[in-house]
Amino acid sequence: MRSRIFFVLGVVLWFISGVQSWGQSFATPLSPRTASYEMEVYLDVEAKKVNARQTLVFTNPSADTIWNMRFHMYYNAWKNNKTDFFTESGRIPRTKDQKEIEECIWSWVEVTKVLDEQGNDLSSGMRYVQPDNDNTNDDTVLDLPLEVPVMPYETYTLEMDWESQIPPLMIRTGYSKDYFFMVQWYPKLGVYEPAGTRFAKEGQWNCHQYHPATEYFGEFGVYDVKLNVPKDHVVGASGFLVDKKEEEGRAIHHYLAEDVIDFAWTSHPGFVEVTDQWRDTKISLLIRPEHQCNQHRFLEAAKHTLDFFADYLAPYPYPTLTIVSPPFYGLNSGAMEYPTLITAPTLCNLPAGIKTTETLVIHELTHQYFMQMLATNEQEEPWLDEGFTAYFEAKILDKYYPEGTVSWPYMNIRVGSEELRRGRFLNADNIKVNPLSDFGWHFKHGSYAQIVYGKAAVGLRTLEGLVGEELMKKIMQRYFEEWKFKHPSRQAFIDETLTVVSEIAGESKRAEIASFLEQLIYGTEACDYSVHDIINKEITAAVGFFENTEDCVSETTQEGSLYESQAIIFRNGGFVVPQEVKIVFTNGEEKWEQWDGQARSMDWTYTSPHKIVSVEIDPARKIPLDTNFINNSLTLEPEQTGISRYFTAVLTWLQATMVSMATLV
Amino acid sequence: MTNSNTATEAHSVSVIGALKRGFSAASGHLWISLVFWGVSLLLALLAALPFRSLLLGEAGNSLMVKDLMKGFDYTFLNDFIQSYGSGFTPVLSQSVLLLGAQYLLLIFLVGGLVKVLWEQSQPEYRSTFWSGAGRYFWRMLRLSVFFLLVHGLVLVVFGFLYFKVVKGFSPQALESEGVITSSLRWLVPLYVLVAAVPMMWQDYAKVFLVKNNNRFIWSPIGEGGSFVIRHFVKTYPLYLLNMILVLVLFMVNYFLVSLFDISSLGTIIGTFLLSQLFVFARYAMKIVNQGSIVALIG
Chain A
1010 MRSRIFFVLG VVLWFISGVQ SWGQSFATPL SPRTASYEME VYLDVEAKKV NARQTLVFTN
1070 PSADTIWNMR FHMYYNAWKN NKTDFFTESG RIPRTKDQKE IEECIWSWVE VTKVLDEQGN
1130 DLSSGMRYVQ PDNDNTNDDT VLDLPLEVPV MPYETYTLEM DWESQIPPLM IRTGYSKDYF
1190 FMVQWYPKLG VYEPAGTRFA KEGQWNCHQY HPATEYFGEF GVYDVKLNVP KDHVVGASGF
1250 LVDKKEEEGR AIHHYLAEDV IDFAWTSHPG FVEVTDQWRD TKISLLIRPE HQCNQHRFLE
1310 AAKHTLDFFA DYLAPYPYPT LTIVSPPFYG LNSGAMEYPT LITAPTLCNL PAGIKTTETL
1370 VIHELTHQYF MQMLATNEQE EPWLDEGFTA YFEAKILDKY YPEGTVSWPY MNIRVGSEEL
1430 RRGRFLNADN IKVNPLSDFG WHFKHGSYAQ IVYGKAAVGL RTLEGLVGEE LMKKIMQRYF
1490 EEWKFKHPSR QAFIDETLTV VSEIAGESKR AEIASFLEQL IYGTEACDYS VHDIINKEIT
1550 AAVGFFENTE DCVSETTQEG SLYESQAIIF RNGGFVVPQE VKIVFTNGEE KWEQWDGQAR
1610 SMDWTYTSPH KIVSVEIDPA RKIPLDTNFI NNSLTLEPEQ TGISRYFTAV LTWLQATMVS
1670 MATLV
Chain B
118 MTNSNTATEA HSVSVIGALK RGFSAASGHL WISLVFWGVS LLLALLAALP FRSLLLGEAG
178 NSLMVKDLMK GFDYTFLNDF IQSYGSGFTP VLSQSVLLLG AQYLLLIFLV GGLVKVLWEQ
238 SQPEYRSTFW SGAGRYFWRM LRLSVFFLLV HGLVLVVFGF LYFKVVKGFS PQALESEGVI
298 TSSLRWLVPL YVLVAAVPMM WQDYAKVFLV KNNNRFIWSP IGEGGSFVIR HFVKTYPLYL
358 LNMILVLVLF MVNYFLVSLF DISSLGTIIG TFLLSQLFVF ARYAMKIVNQ GSIVALIG
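Here the protein sequences come in this chain order: A and B.
Residue numbers for the first sequence follow the numbering used here, beginning at 1010 and rising by one.
Residue numbers for the second sequence follow the numbering used here, beginning at 118 and rising by one.
Just chain A, same shape as in the assembly (with noise of 0.2 Å):
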């Protein structure tokens, strides 16, 4: 009887559980769904490999007949050392260590078998491409003739057997030791674009292969995946889990994951999972315990970020955020952005000063929205999601951690994350070298950071402040609300923005922020004004001769001076910007000035019993894209108070060197 109830109670609250797991789903797709995946997924933790099958669910987004598909082999760009991965980037080690290359040790993923609806074995005409260029030992893309074509509108189902070799954590993915961390692990369909789509003029498998500075472009769809790896590891994964069933030292851990672009998992027996809730939304933190002296601050970070979009653009809508903050030996998987999940890496012994944890959830969870809700071509236009991330990341670290990304008591030292990035952009070799809508992989000599993200961040930054910060935050809105769950180029976010300033500001500031836009996406040119001078020319009354030659006049004497005072500007950068300039009188008056920034030069002349003390363009820094704010005021009377207290910093330190240098002597 007690057995009966037991097994009665059992059935209840597993049909209880059950119907709460699958009650997450959203009742109402929140995108159009073309690639859904189910998986099976065996992970040998001793050889290092998967196994998998794979049922792809593929929905034809057009009119288009479509005769084959395109599929991301992410795995194969460890398979030889003259892949596009690790011939292409200097940063990247061009080889592997020297005992990886003797054991042999090299990742590939390879498809076994491929079956359509019909039961035809597609195997035999898969072959790799290289869309980009001719390394025909890159095969990072595999094309798969069909002999059913997809006709338009229609699902197609392909069922595939795969496995691969998991690379040693390097970049991004890979195992270390007993942690793995899986992302673009599976044979991935690229996005096809019908003719109008972005940039397609024809309908086209936009799929590229894996260069190492560029990241991802996927179609949203479901993913029901189950997992099956040793009992004793803890598992996190894109989406939420739906169910866990133990087996023979095994556990096959069930997630699906909706309406997103791609999925992600990790598998490591030290992980603690630490879970807090955001709205509806359960968040769970994979850290291990030397690391959990931080974990108020993930979480934290996690909910401010998930309040700003709340208010800003839209509450995050997915049931789980998962974060993994992996072990010191996994460092190598960095910090990164995958639907539901991101990792950041933290080390308890940073003063508590540096903030890095912060930014990094703070970047990472961001790019919820701009990378997966708005799903852009990470490849292409890798600006639209780092640069927008890192602009936003800027404004909710200096929001919620006033006292900066990096303080210290010393001399108070207050560094916010928005000058940070500014400082960080100018201080890139050159800042010229390529214009923003390059494809990522033709960012050359390190200049990929500093574009994709600095002069992203801090070009959005400016339009900010040419537009205002509500105007803007009016821009995102509608940005987001047109383009979510879409596949949004860098034209529709021009086109977004000019939209929403014509409505609200007019046609005269439409035309202006097209030409800032046109000049930050497509130009090179760096912008930089300057005050040039200052002079105050007193007005001496008139003599001479006028009328004639007969009658001078040498009176010189006046009531009241007079002077005629002039304040120069100077562009010296060719980023043209609308500025804003201050100028002020001995008096204290005034007068400010707007100028289109146009011509090389410009000047104000004004007459007046008062001279100019001082002129400053832009004294609201609202154009941080200036390279320099240093020349963008002038006073007649140098301040030479800050100087003092640097001079006397400099001059103690440099004693206390000496003083110290006394020790050895």
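These are computed hints drawn from the structure, not numbers from a lab.
Positions of the beta carbon are idealized from the N, C-alpha and C atoms, including for glycine.
Check each hint, because a few of them may be wrong.
Stated by the list, open to error - Only pairs whose alpha carbons sit at most 25 Å apart, straight line, appear in this in silico DSS-like list of lysine-lysine:
#1 B:Lys183 / A:Lys1631
#2 B:Lys183 / A:Lys1600
#3 B:Lys284 / A:Lys1186
#4 A:Lys1291 / A:Lys1254
#5 A:Lys1600 / A:Lys1620
What the hints assert, rightly or not - Cβ-to-Cβ under 8 Å is the rule here; a few derived chain A residues that face chain B:
#6 Tyr1338
#7 Ser1642
#8 Val1674
Claimed, not checked - Here chain B is said to cover these stretches of chain A; the calculated rule only asks that three of the stretch's residues, wherever they fall, bring their Cβ under 8 Å from a Cβ of chain B:
#9 1350-1363
#10 1426-1438
#11 1624-1637
#12 1650-1657
#13 1660-1669
For this one, chain A is given, so just place chain B on it according to the hints.
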């Protein structure tokens, strides 16, 4: 005075007694501290004044300079380095040269200091000081270079030890990053305790060099080392005590400076004067240390 005599003398002076005599020597020769301090101020001014001119010339008429009163201004410094950074190169080169000059001058002055302390010359000690400085300069220089190499060796050994403990900072090799800082908790104090030995050895060698007027440095190095080892229970605690006093001085200075809210020229001058007092006191502590060692050798 023979070595056995010095040993007897060392037994007769306690650590605290030696320290008191060190303080007495420092207070009796404030003028020497003033010379050390004055030299450092003069040399630092030679580097800091061009820095001030650079700031004033390039940015003095910018309203942005007002922000410097707040303290560290990242944006100002970043823009300054980006736009006028080339001006820093000669200033930095000059600073390095001046630090080198200061090192040589210190060696010069230390010869005089040790001679004055050893001979306990009063009241005409100023002439003794300058004559000692000149007479012992080259020998003190060779001695300093020798001990610089010893310090370097100690540093390399500890650096190597740390590198091994943290497995070359390799994320793949380390189970956790904790060892990177946890190992410093024992390695740094251990380093200080070990590095203190050659430092005090050097101070004792200097006294023996002046005492015996050796032509070559090997004899005072040997005698100094021998004395330190034979009287380790006194020499080492005395040296550690001197180090702790300097540390306390440093902390007091940091605390006092942090009390100032620097918002005006007056507070800038106030903190500057306080820092000068600290620099002066640090040099005075050098005399205390050397004086206490002379007292212990007798």
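Inset, instruction - Sort out which numbered hints this structure fails and list those numbers smallest first. - result: none
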